Every structure is written in C-alpha cells, then in structure tokens.
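Protein chains: 2
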Amino acid sequence: MNHHEQSAVSRRGFLRAVGVSGGAGAMLATMGALGLAPSAATSAVPAFRAPTRSDFNLTGRSGARVVVLGGGVAGLAVAYELGKAGYDCTVLEARSRAGGRNLTIRGGSVETDLDGHTQRANFSDGVYFNAGPGRIAQWMVTMDYCRELGVPVEVFTNANADAWIYNESAGMTAPVRYRTAKADVYGYVSELLAKATDQGALDDRLSAEDKQRLLSFLQSYGAIGGRTGGWAYTGTSRRGYLEYPGAGNDEGVPLGAPPALADVFASNVGRYFAFETGYDQAMLMFQPVGGMDQIPKALAKAVGLQRIQLGAEVTGVTDRGGRVEVTYRQGGRDRIVRADFCVATMPPHLMARVPHNLGTGVTAALAGFPATASGKIGLEYRSRWWELDQRIYGGITETDLDLSHIWYPSSGFHGRRGLIVGYYNTGSNARTYSALTPLQRAERAVAQGVKIHGDKYRTELATSYSHAWDRTRYLEGAWTSPPHGTAGYNLLLQPAGRVYFAGDWLSHETAWQHGSFVSARTVVTALHQRVMAD
Amino acid sequence: MNHHEQSAVSRRGFLRAVGVSGGAGAMLATMGALGLAPSAATSAVPAFRAPTRSDFNLTGRSGARVVVLGGGVAGLAVAYELGKAGYDCTVLEARSRAGGRNLTIRGGSVETDLDGHTQRANFSDGVYFNAGPGRIAQWMVTMDYCRELGVPVEVFTNANADAWIYNESAGMTAPVRYRTAKADVYGYVSELLAKATDQGALDDRLSAEDKQRLLSFLQSYGAIGGRTGGWAYTGTSRRGYLEYPGAGNDEGVPLGAPPALADVFASNVGRYFAFETGYDQAMLMFQPVGGMDQIPKALAKAVGLQRIQLGAEVTGVTDRGGRVEVTYRQGGRDRIVRADFCVATMPPHLMARVPHNLGTGVTAALAGFPATASGKIGLEYRSRWWELDQRIYGGITETDLDLSHIWYPSSGFHGRRGLIVGYYNTGSNARTYSALTPLQRAERAVAQGVKIHGDKYRTELATSYSHAWDRTRYLEGAWTSPPHGTAGYNLLLQPAGRVYFAGDWLSHETAWQHGSFVSARTVVTALHQRVMAD
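Respectively, the protein sequence lines represent chains A and B. Residues 1 to 534 in our numbering are what the first sequence spells out, letter by letter. Residues 535 to 1068 in our numbering are what the second sequence spells out, letter by letter.
For reference, chain A alone in the conformation it holds in the complex (with noise of 0.2 Å):
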C-alpha cells in the first residue's frame, strides 16, 4: 500500500467518525470544508492506484514494452509508473536534458534558440533560474512525487506585503508596497460599504443582526472609525512605516495619511488583489529545494537514465497492429524502436508534425492545440540588496509594463548574491522579449525595472540568462489553451491503437505539473488495464 492508499483511507475513516457524531448534515460541511475526494459513487475518477509487479503474480502476464514520446514530467512520470510494474519503457527526449518545460538553469547551461541566439549561463554556484515552472499548490499531486522521490520541498513566496505594485499608465510615478495598497484599498471599501449599510441602503438585503455584524467586521477588516466618525478610513498602521516603531519612546514614523479614495481606485492597485485567492495560486506554495528540475532529475533517476534516449528526434510513429515502431534520429543516425505500446507526450503541436499512420483526424486534433508564448529572465546580482534596501524577502512585485511580473527569489536569503526573475510575460508581451536578442531583452528588463527598484537594479546586476520558450526548440511554446469539449480533444484521451496520448495538455491543469502528473497517470491506468485485460 502506497501513501496515496494510505492517505485515501485515513480520509474515509476520518469522514466516518465525523459522520457518527455529527450526522450527515455536518459530515458534508466536513467534506466541504476539508476540501476531500467525495465517496466513490460521486467521484469524477477513482484514486489512482500504480501498477506493481504483484498485479501480474499468478496471471501468467508481464510488463509489457513501451516506448514514450518526450521526457518531460508527463513522460518521466508515464515510464515511473509504469516501472513501479515491471514494464520496459523506453523515452525518446529529443532536447540535451530531460525535464521538457521544467528547466532550471545554472552556471554552465547552454541552448541556441531557434533564432540561432546561443545562450551560456554564468551564473554563480548555487544561483539557479526556474525558466519554466516555479511553483506548487499544496493540493496538486506535484506535492506527492515531491514526497515519494524524496525532493524536499521549501515555501515558494508567492505573495509577499512588502513586495510592490507599480502601474505606470494608471499615472503612478513610484511604485507602492502591496501592504500599503491593501490597507487604502480594503479602508475605503469598508468605509463605504459601512456607509451604505447604515444608512439603510441595504436593507433588503440585509437584517438587523447582518447588519450589525457586517459593521463589525468592516471596522476590524478596514480599520475605519465608528458611526460617530462616518465610518471614514483616514489610514492605519497596517499602511506601513517611513521608520518602524522602536526603543524608548519611538513609536515609528508612519506611512501617515492615505491618498484620496479617488486616487487609490484610479491607481488600480486593487487589480491584483484577487490573485493571491486563486485555488491554485493562493500562499502557501511551495517549490523544489533547489530547483523546480529536481523532481524530473529525481524521476528520471528512479526510471532508470539508461532507459531515457536524449537527443532521440522522434521521426515516425506506426502502429503495426500487434506493435508500435518508431523511429528517431539521434546523433546523425536514424534509428527505431519496436513496442507494444507507445505513450506520446510531446507538444501536440510538434506531434501534429509527426508522421504516423494513427488517421489524419489525430493530426487534425493534435494540431487543434494552440502554443502560448511566455518567457522569462534571470537576472544575478551581485548582492541582494532588494533584501538590504528595500527589506523584500521574496515575492512578486506586480505591473502594468510589458515585463508583467517580477519575482524575488525564495531562498538563499541573506547570502552574498541572489537571482531575480525580471520578467514574467506571456502572449504579446512575452513575444515582444522574445523578438529580441538576449541583450536586448535584459536592457529592456533592466530599464524598467530600474523605475521600481532604483539604479542598483541595474548597477549591481551581474549576468542574466532569458528563456522564450516559443522560440525553443522542440517545444515552441509555454503551453497550450486545450480544446476542452471538442470531438478533437476526446479523441486524444483515447488511444490511436496502440498508441495513448498524455500530457498537461490533455488535463484541466494545463501549464501545471499536476496536469502532467494527473495525465499520465490516467493513462497508465488504461494501459496497465488493456494489459491485464489482454
């Protein structure tokens, strides 16, 4: 019994007892609020339960062969499964490294795009850029295979109050820390919303008693004065301080006043609020002790490196009935590979290119995909000085340019030198950094975020390292809006014959390692059934 076994049955025997005593009024509110797996009769899709050599005991059967199509999560994770049972995977990634879109990048990393800009890293030991994912919702299965392969897991600071909003075309002309930008936000909100209320604006909608306890948690939500004071928000120290209170009798310097309530919705500061409320985006999220690549370095390791082809360019796919032949070309040679059954988890997008023999409505569903651009850059400096300075540990300063996000790194805190993510951009803004060339990309990086930061953003800066991931090749893209409900997308969940298709592409958690994660184990339940079915 696995820890995913052991997890499902404390749950029901949790849901038991609250069931005994509370009745099954409470037990639901339970379920509700525990976020559980409801019962088997209304859950969408059963647990998953890995294969193990013991399904095969006494049935005569074995593992069968399978040969998977890109070694990114969803591939490693297909051939780990599958493994646990005894099957002989084989993985053909066509890139230097396995991982696909989980990159981390590091001293010494090199890649030409396909624009033919050849990057080589010069990070510092120990300074290392997520390129690709860099975080994980405590309920997505990611936190599970962190557990199993044993990859510690820290907190990714996802959210972080001291961290800043800075929208230059809603006028602002410095930038403005997210605790800040709350309090004036959340103030005027309450203090309005107080207003209306007592004076009877809501009544239909609101009782006496509502009322009464609306008030109340608008005064302690909003830290604004009482009825006698017109319920006003004229500030807080939750706005912040010029000097934080000290000894004797310092008792700090505060922000002072708010600005008027006109200008703290012009500002639009509010705009960003919403994020930090996301199911998958909420704190607390976590990453990889060392880079996000540490979870495919670990399952790459647990399926065994002799069975992952790198550099292996998938060329052909054909189901011969019985078997499934596909060729690839690796190191100028062209070479096959014969399986019972082959699992693509390629782009689909780069599999439509694929020649096979699978129907032209599999190529058409394939290419049904659309490809996101997004990209990032990885900017080393020479001190941390945003922790010095400006007392930032980590986080994401919000924005209105082109860069969009801009994270902090989270951890490594107070050591000597520290790594930024100076842009996190997707669609147009992600395409305007990637038509440009590295060094451009980290002037135009730099400049903006000099407006936030001051002159050390780009005095101190060290090297930088920039990934746009549709100008990578044989990925061409973040991920993909799937074709959700489409005759197309159905078509991909079953299996062309011998060959099944996974990926977070065909999940609800596209661009998540959990939708990587959740796809390949779906089908490696099907397959492992058709085996033992067989």
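It is worth saying that the hints were derived from the structure and are not from the lab.
Ranges of calculated distance between the beta carbons of each label pair, as one might list FRET restraints:
| id | chain 1 | residue 1 | chain 2 | residue 2 | range |
| --- | --- | --- | --- | --- | --- |
| 1 | B | Lys618 | A | Gly116 | 53 to 59 Å |
| 2 | A | Gln306 | B | Lys618 | 55 to 61 Å |
| 3 | A | Phe275 | B | His1018 | 37 to 43 Å |
| 4 | B | Arg587 | A | Thr112 | 53 to 59 Å |
| 5 | B | Gly845 | A | Leu305 | 55 to 61 Å |
| 6 | A | Gly116 | B | Gly790 | 50 to 56 Å |
| 7 | B | Ala1060 | A | Gly230 | 42 to 48 Å |
On a predicted model such as this, the values are computed, not experimentally measured, just so you know. Even for Gly, the Cβ is constructed at its ideal location relative to N, Cα and C.
Chain B: place on chain A using the hints.
Then chain B, alone, in the frame of chain A:
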C-alpha cells in the same frame, strides 16, 4: 562601515535619484511607498552605529567594564555590541541557558516550573518547539542580526489558505478553510457594495468614474456577477474543491454554492482576516532555520561563552558612585562582580524585587510593568497527517476555543514526524492552561484539536511539552504592556547613576525581539557616548 550604514547610504542615493527625476512630491511619495527612513532632519532616532575599537584610537580611552543583568536577547545584544569595541562585559543569567524568553525546546530539555511540575521533553531528533518568539517580520532589526551573525532564515508560515477557521461559539459544526471563508466573505462584501454603489447610495462620495472603477474592482475581488446578475455572489473556484481538477475531462468537483450571506457573517470567520494585514504580522514572515534559539546561541558565541555566567541569580545592585557592584548567587555561593557600568535587562517586575540603592522611584517604576501570561504546547506527531490527509503545509488555524491558535510546522515538510503548536494563547486562556498539570494541558489541547482535525490529532500523538510563561522561574511572564508615556517609564529610559535599563519592555515593540534589539542599541549608544565623553 558595516552593512547597516551601507544600506542607509544607498537608500539616500536612491532617494536622491528619484528626487532629481520626479521632483520633491514624487520623492516624498517614493519614500512613503518604499517605507524608507526620512532624512536625518525628520528622523526620530538616528541610525544605530555600533561602537568600534577605532573609536578609542588616539583618545587614550578604552572600553569600560560592564555587567549585564539577564542573558536574554537584550542582554546578549548589549554585550555583543559593546564587545565590538572591546568593552569587558559580564552577563549574569539566572537560568541554565542564555536566551531568556527566546527558548527552543528539544529532546532532553528539562525544566521545573514554579509549581514544581518537572517536564522533560522527549522530542525526536530534529524536532523542536519554539516556546517563545516564533516569527520575525522582514523589516525587523532581528533580520539584520540573523544576517550579521550568520543565522540562516526561512519563511515562517504565518498564514495559509488551507488552514482552518473554527468558531465553535458561533455555531460552526465543522471547520472551514481560510480560502473558503475568504472567498465567501469577499464575495458577499463585494456583492453588497456593488449593489449599493450601482443603486446610487454612495453618489455623494463617488464620482461616476470612481463608481466604474470600484465596480470593476469588486467584480475581480469578489468574483461576483455583473449588473444583469444583480452583482450576485454565487460561489467561485476560490472556495476550493472537493476534488481538484484532473486529467481529460475531469474539471474537478468544486466545493459548490456558498452558505447564505447571513450564515457567513454569523460564523464570524472574517474576524481573523485583519491579522494578515498587520504591520508586524503580514506575510512574508521568517524564522531561523533549526529553531529560534539559533539567535541567542550565535549571540552568546559572539559575546564569548566565558563572559556569560549561567545559574547566576542577581541578589543586589549597588551604585558606588565610581563603579557598580552586583552581587549574585551561583552554585550555592554568593559572588560579586564590580564594573564601571551595569545594564539591567531582566524582566522589570523581577528587577523590582532586587535590592538596590537606585532609589525608590526606580523600584516603583519597575513595578509598574504588568506581566502578561501566555503559553504554548508542542505536540509531536508520529506522522505529518496534516500534510498527507488535509494538505496543510504550514500556517495557522484560528479558533475561538481557549487554545486560540494552532501552528503547523514551517519546516521539515514531508518529513517523518513533525510538531504542531497545539495552543498559543494569552491572558485568561493562558492562565486556564497554566493552572493545569502538563498532562492535563495536553489532554485539554488534544480534546479541542480533535474537533477540528479528527481522531489522528489524538491517535498519532507521540509526545508533548508545554510551557507556561507566567509559571516560569526567573521570567514569570511572557511580556508586558509598557506604561508608555508615564513618568516611571521615562525614568527607566535614563540611567540611574551607572545603571542602565534595556529590554523589549522599554520599546514600542514589546514581545518582539526587535524591541529587545533596538532597546539594547539605544543603551549601547548612550553608554558609549558617555564613555567617549568621559
């Protein structure tokens, strides 16, 4: 030039740069936004500058002999900073280890409280329990000391969307996750304010443009419908899922429709939301890796262990005019130490009992600081069921039970065992627990925690250790509420002859190590100036 000075210089440089390009208004706005110190002219307190050996060069002066009463954070910081310039410090600490209320319990820790209860911690290797301070805000000078002393820090998980809220007295029969509670409260608040705004109830406060911006914000913030839908909040994925989205066509099973507005406000879950916006509690927060006592350990090492007398109970302080004599009892023998100056950092209500010749005004002033009760219990579990079963990786569960807060561990994720702080309470709730035996405290805490977490809260428990600060020898309290602004408080900010007073109790950040450090720095500065002027 130490790094604090460097920071100050670079901040000024940055401000100058902003001032040049943006004018004085922009500069002021930037300063406010940055949370930077105002210029020396308006600064309440000049930046701290540690004494150095070079201060004595060419002047013929040298560091004086100083006896420090109390080896907590303030006392150690005084000895550490004075030691940089060659002052000859002796620290007298009554307890068996330095650190004062900065106390980390590990396996083997033994202590007998004022009621004669002896506890021996049976925690496993690597498991620790911060019985005293547990968190540090980014802006606190405590962070600078961690950096300077080489104490690595990591995120303290002060808030987690997947932690629970449980208000038993409000009629809740099951806990609710923060993410769910926030989605519902923000949703209904947004709905109500959008309705009132759109109906013109706030037209005297809002321009047409304000209204449009506010409505746009509320739709994003509350995930509410538009005008045609009556701005209604009907739930959102932010509430969380029974089953999170998966592969293929698995969109997941959302938690579903929210409770009615009246029920949400009746549950009073919103009372906890303001905590996360506090200037001293907003995430990101930090802790030393491996236990909060890494700070006093590093301080003590830097001071020199030979300078710290443990088990040394101060029995008298006499100012002889030209010197100070402090008598103490150690190992059953009466001892004396003579010094040029004394810095008393003991808890004021205990210092008030020490015989001295500093005047009755000093005694009365010291006695004017009330002692606050507070307690915690560390519950070590055989498994990290909160991570495995409930997907809670750190954070704090808030309750209206007398246990108040439950802390999940901020480190050791996915480890074999882990320690939950099963209660952290103050005042009457703390006294309720401190009146119990350690076993009774554990039983009470577990019985309440089971209501939230289910049976594993009891069945997986391995061992526990509780700490009641009001019943702790040589401390007799967790912290104080200083009588700021009184003549007594101000009296103790000045030296009584050759005796200075320091501690978080003489600051505006009582109960925080920041308060201890800034108070220590103030006294170090004053004492050093006196020596230099002598």
